[in-house]
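Peer 1: Sequence:
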Amino acid sequence: MVDKRSKYDTDPLDPDFVRHTEEVRGATRELAHTSNQQARQNETAEASTRRYDEPVGSSPYPSVFDSPVQQPPTASISNATRPVNPSVISTPSTRTVPGIGLQENIAMVLPYVPFYIGGVIAALELFLVPRNEVRTRFHAAQGLALQLAILAGGFLFRIANFFVDNTLGGFSATLLSLLWTLFSVASLIFLIVSMVRVWKGEPHNLEPLADITKRLNDQIEPRK
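Numbering (our numbering), first residue to last: 1 to 224.
A portion of the hints provided could be inaccurate.
Said to hold, decoys possible - Just the calculated beta-carbon pair ranges, DEER-fashion: (1) Ala160 to Leu188: 17 to 23 Å; (2) Ser93 to Phe171: 51 to 57 Å; (3) Phe127 to Glu202: 26 to 32 Å; (4) Gln103 to Pro222: 39 to 45 Å.
Read the hints as simulated data drawn from the structure, not as lab findings. If you're wondering where the values come from, they're calculated on a predicted model, not measured in any experiment. A virtual CB, placed ideally from N, CA and C, is assigned to each residue, including glycine.
With the hints as constraints, model all of the structure from the sequences given.
Peer 2: Following this line, the structure appears as structure tokens:
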């Protein structure tokens, strides 16, 4: 008589296979019946689920619900905004400048006197004032550069006016003469404003003339 075998009986040579199969049928572990009981027999098999009401420091993993700590921006110094020498922009004193015998506040203003007089004074100051007088030499070099720029602009207007007057004439010559007059008036006003700013001790650095100013200050050696 053939024994009735279970569907799990895959080995007909093992007569005890059916009995072992019937014993292990059913639940592999006992489930929890209350909320306080653990459903798993091995509690360390998996990490416990983190609760949302736990403090942040109790978990080694960062939470997506916590805002990141913001760091203050670090200050950076731009090359475009170079610091100005404080000795150049400070208020001029009334002490006597060696080499020329003038007070410092007067010696710093004279290079900006209009009608090319300031250019001559600026050149004399660069030849006479020693290099340790930084403020006086700076304004002398800058004033000389400004006077040379105005002189070059006026010279170009004269040449252009001469050619336009002899070739085109009429409205073109009148318009160029008007532009020349406006340039002369604007140059005069700018020189006066420069004198006032330097007298008050306000910063007065002409960036378009910075290279020429430095070159004049370096190449013109003071008298020994």
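Peer 1: Note whether the CB distance of Ser93 and Phe171 lies within 51 to 57 Å or breaks it.
Peer 2: Taking Cβ atoms as reference, Ser93 and Phe171 lie about 54 Å apart, which means the hint holds.
Peer 1: Regarding Gln103 and Pro222, is the given constraint of 39 to 45 Å on their beta-carbon distance met?
Peer 2: With a Cβ separation near 19 Å, Gln103 and Pro222 fall outside 39 to 45 Å, so the hint is violated.
Peer 1: Hint says 17 to 23 Å; check whether the CB-CB distance for Ala160 and Leu188 agrees.
Peer 2: Holds, since Ala160 and Leu188 (Cβ atoms, about 20 Å apart) stay within the stated range.
Peer 1: Determine whether the Cβ-Cβ distance between Phe127 and Glu202 falls within the hinted range of 26 to 32 Å.
Peer 2: Holds - the Cβ-Cβ distance for Phe127 and Glu202, about 27 Å, lies within 26 to 32 Å.
Checked against the numbered hints given earlier, the structure breaks only hint 4 and satisfies all the rest.
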